[in-house]
Amino acid sequence: MTKKILKVMFMLTLLIALVAGCGNQDSKKASSDETNMKTLVCLADTTPHAEILEYAEKDLEKLGIKLNIVSKVWDSTWNEQVENGTVDFHYDAYVPYLDEWNKSNNGHLVGAGGIHLEPLVMCSEKYDSIEDLPQNAVIAIKEDVTNQYRCLKLLEQAGLIELSDEITMSNADVSMIAKYNKPLEIVAMNADVILNTRVDFDAYITNTNRLLEASLDPADYLAREESQDSIFANVICVKEGNENSEAIKKLVSVLQSDDVRNFIHDKYNGAVIPAF
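All letters in the sequence shown, in the order written, are residues -19 to -1, 1 to 257 by mature numbering (1 follows the signal peptide of the UniProt record, and there is no 0).
Among the hints, a few may not be true.
In silico DMTMM-like pairs for lysine to aspartate or glutamate, Cα to Cα no more than 20 angstroms straight-line [said to hold, decoys possible]:
{"#": "1", "residue 1": "Lys47", "residue 2": "Glu32"}
{"#": "2", "residue 1": "Lys134", "residue 2": "Glu81"}
{"#": "3", "residue 1": "Lys47", "residue 2": "Glu35"}
{"#": "4", "residue 1": "Lys231", "residue 2": "Asp247"}
{"#": "5", "residue 1": "Lys230", "residue 2": "Asp73"}
{"#": "6", "residue 1": "Lys47", "residue 2": "Asp240"}
{"#": "7", "residue 1": "Lys163", "residue 2": "Asp109"}
{"#": "8", "residue 1": "Lys160", "residue 2": "Asp173"}
{"#": "9", "residue 1": "Lys43", "residue 2": "Glu221"}
{"#": "10", "residue 1": "Lys231", "residue 2": "Asp73"}
{"#": "11", "residue 1": "Lys53", "residue 2": "Asp73"}
{"#": "12", "residue 1": "Lys248", "residue 2": "Glu35"}
{"#": "13", "residue 1": "Lys107", "residue 2": "Asp198"}
{"#": "14", "residue 1": "Lys248", "residue 2": "Asp181"}
{"#": "15", "residue 1": "Lys84", "residue 2": "Glu221"}
{"#": "16", "residue 1": "Lys231", "residue 2": "Glu32"}
{"#": "17", "residue 1": "Lys220", "residue 2": "Glu81"}
{"#": "18", "residue 1": "Lys134", "residue 2": "Asp210"}
{"#": "19", "residue 1": "Lys39", "residue 2": "Asp247"}
{"#": "20", "residue 1": "Lys160", "residue 2": "Asp146"}
{"#": "21", "residue 1": "Lys39", "residue 2": "Asp239"}
{"#": "22", "residue 1": "Lys231", "residue 2": "Glu221"}
Taking CB as the label site, the calculated pair distances span [said to hold, decoys possible]:
{"#": "23", "residue 1": "Lys47", "residue 2": "Glu147", "range": "45 to 55 angstroms"}
{"#": "24", "residue 1": "Ser85", "residue 2": "Gly140", "range": "25 to 35 angstroms"}
{"#": "25", "residue 1": "Asn17", "residue 2": "Gly66", "range": "15 to 25 angstroms"}
{"#": "26", "residue 1": "Ser211", "residue 2": "Pro164", "range": "27 to 37 angstroms"}
Keep in mind that the hints were calculated from the coordinates and are not lab data.
Each residue gets a CB set at the ideal place from its N, CA and C atoms; glycine is no exception.
Could you build all of it, start to finish, from the sequences and the hints given here?
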């Protein structure tokens, strides 16, 4: 009987040792996997940028990439933070805007890959159509030069103005309006202020994603940007040279996948458009 008890105790001890060994191996493997993960520190607007990144996280982790989104509220320091290496990338801008910033700030920012487009729309809290806009209607547009170019092009597309042949993305402002087809007052202002003060204007121009963030209907507009030019695609913005890093290349490959394309189509229903 004693021998049987000793044998059972020996077998139990052996079993416990084996289980503990497996547990240690699993723990070591998990620890090793965690150590081998590359964390990218980034900045991304909430809609759709951070939402797209968060959707892609599961596939990124399979490739050894983790994301640490440190802010979802845009501010004027985002470009500087990428330039000085505080963050690895931001996801909020398109290449012409980055080019203008580089010129003004001796910067070195580039786009590592275009992910999506956010069409501009002209909306109104007061009127249902362009034809309803009164004489001397006041229209708010974005103030930075590349967005002014797009806003003015939309007003021209809507038949409200005609632009000078000399207009470019580098010199766009209201002085480049060659003809008003209807008397208007165009007010260029900070993009973040436009939505908050939209009731003060007869019409305003903003991006569809800003409407989504404000729980407004992006399909309720007077005019929508027809051009889907890929130069206005929101890109993964990095400092020049970092676009060739393995981590950034893996990030872009996942964000430009069929799975992410389908996610954008399904979630935003045309208010946000894949750029790949």
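Hints versus structure:
no., hint, result
1, Lys47 / Glu32, "15 angstroms, holds"
2, Lys134 / Glu81, "18 angstroms, holds"
3, Lys47 / Glu35, "10 angstroms, holds"
4, Lys231 / Asp247, "23 angstroms, violated"
5, Lys230 / Asp73, "18 angstroms, holds"
6, Lys47 / Asp240, "18 angstroms, holds"
7, Lys163 / Asp109, "17 angstroms, holds"
8, Lys160 / Asp173, "28 angstroms, violated"
9, Lys43 / Glu221, "26 angstroms, violated"
10, Lys231 / Asp73, "19 angstroms, holds"
11, Lys53 / Asp73, "10 angstroms, holds"
12, Lys248 / Glu35, "13 angstroms, holds"
13, Lys107 / Asp198, "15 angstroms, holds"
14, Lys248 / Asp181, "31 angstroms, violated"
15, Lys84 / Glu221, "14 angstroms, holds"
16, Lys231 / Glu32, "18 angstroms, holds"
17, Lys220 / Glu81, "15 angstroms, holds"
18, Lys134 / Asp210, "13 angstroms, holds"
19, Lys39 / Asp247, "18 angstroms, holds"
20, Lys160 / Asp146, "12 angstroms, holds"
21, Lys39 / Asp239, "15 angstroms, holds"
22, Lys231 / Glu221, "17 angstroms, holds"
23, Lys47 / Glu147: 45 to 55 angstroms, "48 angstroms, holds"
24, Ser85 / Gly140: 25 to 35 angstroms, "33 angstroms, holds"
25, Asn17 / Gly66: 15 to 25 angstroms, "22 angstroms, holds"
26, Ser211 / Pro164: 27 to 37 angstroms, "35 angstroms, holds"
Hint compliance for this structure: hints 4, 8, 9, 14 are broken, all remaining hints hold.
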